[in-house]
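The listed protein sequences derive, respectively, from chains E and C.
According to the numbering used here, the residues represented by the first sequence are 1 to 201, in order.
According to the numbering used here, the residues represented by the second sequence are 1001 to 1571, in order.
Hints are computed from structural coordinates only; laboratory data are not their basis.
These numbers were taken from a predicted model, which means no experiment stands behind them.
Among the clues, some could well be false.
Claimed, not checked - From the structure, some residues in chain E lie toward chain C, with a derived Cβ separation under 10 Å: (1) Q4; (2) T28; (3) F35; (4) F43; (5) A72; (6) A91; (7) G100; (8) E120; (9) N121; (10) P140; (11) D141; (12) L148; (13) R176; (14) L178; (15) P184.
Just so it is clear, CB atoms sit at the ideal spot from N, CA and C, and this is done for glycine as well.
Letter by letter, the chains look like this.
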Amino acid sequence: MLTQLRPALVLMVALTAITGLAYPLAVTGIAGAVFPAKAAGSFIERNGQVVGSSLIGQNFTSAGYFHGRPSATTAADPADATKTVPAPYNASNSAGSNLGPTSAALSERVKGDLDTLKAENPGAAVPVDLVTTSGSGLDPDISPEAALFQVPRVAKARSLPEDRVRALVTSRIEGRTLGVLGEPRVNVLALNLALDDLSHP
Amino acid sequence: MTTNGWIQIALFCAVVLALVKPLGFYMTRVFGGERTLLSPVLGPVERGLYRVAGLDARQEQTWLGYAGALVVFHVLGFLLLYAILRLQALLPLNPAGQGEVAPDLAFNTSTSFITNTNWQSYGGETTLSYLSQMLGLTHQNFLSAATGIAVAVAMIRGFSRASSRTLGSFWVDVTRATLYVLLPLCVVYALFLVWQGIPQTLGASVDATTLEGAKQSIALGPVASQVAIKMLGTNGGGFFNANAAHPFENPTALSNFVQMVSIFAIGAALTNVFGRMVGDERQGWAILAAMGVLFVAGVAVTYWAEAQGSSVLNGLGLTGGNMEGKETRFGIATSALFAVITTAASCGAVNAMHDSFTALGGLIPLINMQLGEVIVGGVGAGLYGMLIFVLIAIFVAGLMVGRTPEYLGKKIEAKEVKMAMLGILCLPLMMLGFTAVAAVLPAGLAGPANAGPHGFSEILYAYTSAAANNGSAFGGLTANTLFYNSTLGIAMLVGRFFVKIPALAIAGSLAAKKTVPASAGTFPTHGGLFVGLLVGVVLIIGGLTFFPSLALGPVVEHLAGAAGQTFGTGG
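Isolated chain E (complex conformation):
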């Protein structure tokens, strides 16, 4: 075994330096030079203020904005650090609900959300992504159906004609990549920024 110690030590140190320092730092350097905005986190500024990242969903609750999907992320309870409290779209603690298919908690949560949404837009089928939490709790997108479902509420809150809001949503639908990959979607933050350009909330 002792004869193995020298190669083990030398290779461990050298390969650590190569793969654990040189490699990530080189990639950081090149990425920062070639794709500076993306390497930094794809942040969006409005009037000189960072309003979010185009890749990270944020919490929308007011009637005049399109809402993202429910989020299961949590944060430490300010009153008791050993406990957590719900904190939707907490981008420093990504998480899913991890509720299983026969969980009573999941079934009751979905039922409650379904009732609220049905009251908001009676007669329309509720898209599944509006009542299910995403894997990361930070999903930036909703399905086109989920965006169109919210048009009546948003139009009413903003006193805009539904057709204009619907046209805005339609113009913001991203198709499948290369026509096949992934699913069609609408980026909620981008849609709401465009909405603000159309009319102030």
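Take the given structure of chain E and dock chain C to it, following the hints.
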């Protein structure tokens, strides 16, 4: 299920298959010590390393020497990673001011990364500094993958050599796997990922003011460089808690597709390296075909189950399949596909929360791991795992016709079969043994987040994932406790070394044998009959061993859900 979903699945299979030959050709040259395209750049670095290490690249090791080197290297890697995690509060590159990692969590995480498991008891963005992620985790991602490849190559040499005492040099194989295979692919891959939107920065997290005026603190870091190796090396440990579901780890449908391909790329190509080194590429294709049959069957079941959705939620009038725990940009098809890939290989990265899959959708990932992750499998680990099953299949065939079994001209005798069974049996012992213990002890029962059969599935999934060195989880389980951190750590160590070392022992014994020429009575191992036999042996050994545990978890849950039953209290 949609046509587009199936097209994506077919496209995935086509791209992986297209990569098998070129990557196999390249790796065969690398491990044969021949010149490659990158030799002018990397050759001097490689030779410099050997000089400092006092190594002669031509000096080979017996299987015992090879295994000894492997163990020494892992022990050193463990100590280094453990020290970094414990001391991270004092080390640089810690903009979020993360404190030291607790001893049990540091043990679990170090074990997890040296064994290529990458179980996440840690929550990336809430526990680890950038230095821990880079110097600690990224570097172990490389080395645990490189050792997996090295052992696979050593085992191949066992089949391809005759009357030889040695299997190659562990140090040379690890160095070449790192420098020539993993590192160059990762540099290109990481830059592609940044182009897709993955951050790569040493800057601290950024506070944004949302449109509704709230503060949103967004965690960042050198993510792309780690994601590249985590996928290519089938490690799977996330930079962030939510792993590849996090938009910063997997921002687009294209990044998702490439990540899926990269999980399988090296593992699938190693079957071609096997074929080339034993002098008959058809032998490699036959093994890949057996893997392919099992893989496609798994994808079909999971995709079907997820597209159907959960009976309980469908009962509330919901349509559109199961989207709980899934991201919009991936949808159901590629979430299901990703789940099967990541558990068929020993990756364990997840782009959707397996805990929230339907009962049958979550059953396939469990089975994939219980079979020992031989469906393409972890880089290297999948191939040597499957070769162990090949020996058993050949042995069974030999018993059926009453002839001494042979594979590639090597007589398979008692020693090889005993070692193969040791490698196979240690997995159920760890997976089922620890699950049984955790299901009765208060410390174990404190873990599950879900009540009823799903809670049992959470425990079973944890030990299955640990022993199989996968690292994915039914994430509801609270695993960051002394009990789970230690027992899962033990399961990972046994699952890694009690397969690797028997694999090397088999290789050593085979290499020493003479090659007998094929005769009319030799069972051809490149045709459909052999593929069918191999699939059958994998399923029977895996299926029968684990069926009772699966019946208690996912099967009961499926039936209860179909009857509309839910468990636990709401809210």
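Check the structure against each numbered hint from earlier and tell me which ones fail, lowest number first. 8, 9 and 12
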